[in-house]
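Undergrad: Residue numbers (our numbering), protein chains in the order written: chain A, 1351 to 1670; chain B, 1351 to 1670; chain C, 1351 to 1670.
Check before you lean on any hint, since a few could be wrong.
Remember, identical chains collapse to one label, so a pair may be satisfied in a single copy or spanning two.
Okay, derived cross-link-like pairs now, BS3-like style, lysine-lysine, Cα gap no bigger than 27 Å in a straight line [what the hints assert, rightly or not]: (1) K1374 - K1482; (2) K1669 - K1479; (3) K1601 - K1374; (4) K1387 - K1374; (5) K1374 - K1385; (6) K1385 - K1368; (7) K1422 - K1464; (8) K1479 - K1368; (9) K1669 - K1374.
Since the hints were made in silico from the structure, they are not lab data.
Here are the chains, one letter per residue:
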Amino acid sequence: MNQFTSVNDVQDIGQLVKDALALKENPYSHQHLGKNKTLGLVFLNPSLRTRLSTQKAALNLGMNVMVMNMDKEGWALETQDGVVMNGTTVEHIREAAAVMGQYCDILGLRSFPKLINRDEDYNEDFFNKFIKYCNVPVVSLESATRHPLQSLADLVTIKETWGGAARPKVVLAWAPHIKALPQAVPNSFAEWMCKAQVDGMLDFTIAQPKGYELSEDFTPGATITHSLDEALKGADYIYVKNWSSFKEYGKVLTYPEGWMLNNEKLVGTNNAKVMHCLPVRRDLELSSEILDGPNSLVIHEAGNRLWAAQAVLKQMLEKL
Amino acid sequence: MNQFTSVNDVQDIGQLVKDALALKENPYSHQHLGKNKTLGLVFLNPSLRTRLSTQKAALNLGMNVMVMNMDKEGWALETQDGVVMNGTTVEHIREAAAVMGQYCDILGLRSFPKLINRDEDYNEDFFNKFIKYCNVPVVSLESATRHPLQSLADLVTIKETWGGAARPKVVLAWAPHIKALPQAVPNSFAEWMCKAQVDGMLDFTIAQPKGYELSEDFTPGATITHSLDEALKGADYIYVKNWSSFKEYGKVLTYPEGWMLNNEKLVGTNNAKVMHCLPVRRDLELSSEILDGPNSLVIHEAGNRLWAAQAVLKQMLEKL
Amino acid sequence: MNQFTSVNDVQDIGQLVKDALALKENPYSHQHLGKNKTLGLVFLNPSLRTRLSTQKAALNLGMNVMVMNMDKEGWALETQDGVVMNGTTVEHIREAAAVMGQYCDILGLRSFPKLINRDEDYNEDFFNKFIKYCNVPVVSLESATRHPLQSLADLVTIKETWGGAARPKVVLAWAPHIKALPQAVPNSFAEWMCKAQVDGMLDFTIAQPKGYELSEDFTPGATITHSLDEALKGADYIYVKNWSSFKEYGKVLTYPEGWMLNNEKLVGTNNAKVMHCLPVRRDLELSSEILDGPNSLVIHEAGNRLWAAQAVLKQMLEKL
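Only chain A is shown next, with the shape it has when bound in the complex (with noise of 0.2 Å):
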């Protein structure tokens, strides 16, 4: 793998999933390949869970990791080309990417979209310019409209403890909350679960408000509904997440009473178990009954962040 931003990088996501979970059985198998190999995760956001996980999966692959907070440890940087730099910004992207590039084997990088202007955040400019200056493979580790070491913990996740004979039945459902969030993690798992869909592996399902509904683009082959109760009928995992429209771009819209998924909520699936990428804002976003209940998966989940980034991490490295 040459780089790691969506699942259009994976090959076989049956294949990765695998991988992930024979690393969570030995960790320290493969910890030649990242000998005297250098990561860098760069951060243009605040993280925990992502930081951390993909830190350790380098650690147990052998590697080093070198961790730049640039927005509090560096300096503004410049994304649009032709402009002359008079103003706030002190480095171009073009040159900051291309000198990280030169002391890190691999990168990884988050930075959020601003939620203005929509075509700004779709087009990913920022990661696309840090991806052709840096000159090395890149991992996301979270971009304005994508999340897919999350997803692939999620797949892994779901694969790990579905014991059924058939295709589970997984809900993406819309949750509350007080501030607009990005689309990246939804973007992401929709079209992870797609792709798992077209190769059988389960069957997928999105609930969501109206004026919710996630691009297209990220959706293809998707049940779509504005009504949670029929969703979750018969659900097996239900995936809750928070995200602002994509339609108002990057906007709250006023919603229904009902969202926020409790025990009676779960009544009609199939005992579903629940997954949420965290952090999670309780009793708006998620019942505290659930996230303390038998059905929640959110720690095994997270914990399951560090298999993902080991795995992609070794393929990476298997390439270099």
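Given chain A's structure and the hints, the job is docking chains B and C onto it.
TA: For chains B and C alone, kept in the frame of chain A given last:
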């Protein structure tokens, strides 16, 4: 050792001191213990000595270290149960601690008191919840009420430097400051010295102005006085430290002149060695003439932070 | 080498350049040197290239690295002696430096000038006190008046890329900026080039507008001119850099047009290679056409920061 948050977590403080001094002689003798083990250091407040000494201690033991400045790299954590998280906190301690425990074999945690509500601080609510939910051994990097790695380093320093036949007289001496500081360091020093006194290692006296008495929970068996001069008579070690009032919680009370230690005050002592946990405000808490003179142990003492941390991590690794 | 704060700390700059280029060929040839040795990198100001390249250099040598952003993770340091510390500074440089020296075998330090009081900055008071009190070898990561790791990388780059028979003509060319920048990079570059000129490695010219002359302490033997066009005639290397006035200390003075280098200005040169320490403000300091064109060495030069740092650390480790 499964956790290290106070002297009560230690079975035999004499043995732990011996371990620290043995590691000082042979720093790399136990590097196999930490192979493929990861220490996560989580800071909710700034740190210099504690961070560097604990990080170095873990490296000496062959561990990997991941540092997380939650106050800067992460986000605000909720600690109260049963609240709807529609305010400024982004993640609950239940999830945050559990997730960090997924990626680390041992966690270190620093969290200062707010000095507003005494019960809240002395309940150690944040620390206890972190320990409860993270599910791995925890070493305190200073909590609301204790700083045991500091106290252990202090005891190591006394043990290492005392050449007398009799038990040394150790005095904890309150000192002036312009800010309201926690009682964590003096509480912790007091409970370690009281334990060492029971074990026959030393005699322990505390001197502070009226109103600055520490909680009796930390001072069993200590000689307590309001007269600095009386306390200093025949002293072998003077541990200088400011703290805010426990009784009028978190307040800076008025106090009589003469509480800053200087060479004149050393006259009646047994040529006492002077200690301080640092950082120290020169000529406010402690005179420059002492800090720059032959009686000061403060740098030596800071150096011993490394061996104290290494002894604790070693005992924890042996139990993993 | 016991410290590395200026060209004067180097016995033989030609040998150091050779060491750097040899390490570039065999990066991991000296990994035994750094075993169980720890490099502490202390930043009082932001850093991208310096931090990552020095960290990677140490890792290549088998060292452990601890990074401390004092401006964000620590607290304000007092540098004046004899003051009662009842203000905003929390710890004195005497203690802070001594303590960091307890945990590290080598310390790197970055501390920018304030650009207010020339004597204060040029006395290097902070740097010198840090060196005095930390008691371990110190490598400058840029001080108030010098940036020697940058200058060494610059000399390495010239040596590596120069294929001519005669000595190359190297020009330090002042460039416009909107902010008042330190003289550290040009001072340092000048003193390294002047030394290299004495050693017969190159010819050195400085061009700057009136009022921007550097301190003569750094420019012995350099050809100095106020005409950029005159300086560029026959130039083989042009080192572009802005700095604020030394004479009217820290001021941004008015200057005639024509000081930004572009392709037109390259016409009279010997197809000169263009260098810059980065970060660079495009089309303010230096034209995009040059930065994106075949004459630019800036990324190559940034890459050489790694080998410069590794050569210095190697010589320091050999003396430990």
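Undergrad: Up to 27 Å between alpha-carbons, please classify K1669 paired with K1374: within, between, both or neither.
TA: both (21 Å within a copy, 22 Å between copies)
Undergrad: Please sort K1601 with K1374 into within, between, both or neither, judging by C-alpha distance up to 27 Å.
TA: Neither, since 40 Å and 52 Å both go past 27 Å.
Undergrad: Using 27 Å as the alpha carbon limit, work out where K1387 and K1374 are close: within a copy, between copies, both or neither.
TA: For K1387 and K1374, the Cα distance is within 27 Å both inside one copy (21 Å) and across copies (15 Å).
Undergrad: Evaluate K1669 and K1479 at a C-alpha cut-off of 27 Å and name the case that applies: within, between, both or neither.
TA: So K1669 and K1479 pass the 27 Å test inside one copy only (22 Å; across, 44 Å).
Undergrad: Regarding K1385 and K1368, is the shortest C-alpha distance of 27 Å or less found within a copy, between copies, in both, or in neither?
TA: both (23 Å within a copy, 26 Å between copies)
Undergrad: Evaluate K1422 and K1464 at a C-alpha cut-off of 27 Å and name the case that applies: within, between, both or neither.
TA: both (18 Å within a copy, 20 Å between copies)
Undergrad: 27 Å Cα cut-off: does K1374 pair with K1385 within a copy, between copies, both or neither?
TA: both (20 Å within a copy, 17 Å between copies)
Undergrad: Give the relationship of K1374 and K1482 under a CA distance limit of 27 Å: within one copy only, between copies only, both, or neither.
TA: between (33 Å within a copy, 25 Å between copies)
Undergrad: 27 Å Cα cut-off: does K1479 pair with K1368 within a copy, between copies, both or neither?
TA: neither (32 Å within a copy, 35 Å between copies)
Hints 3, 8 from the list above are not met by this structure, while the remaining hints are.
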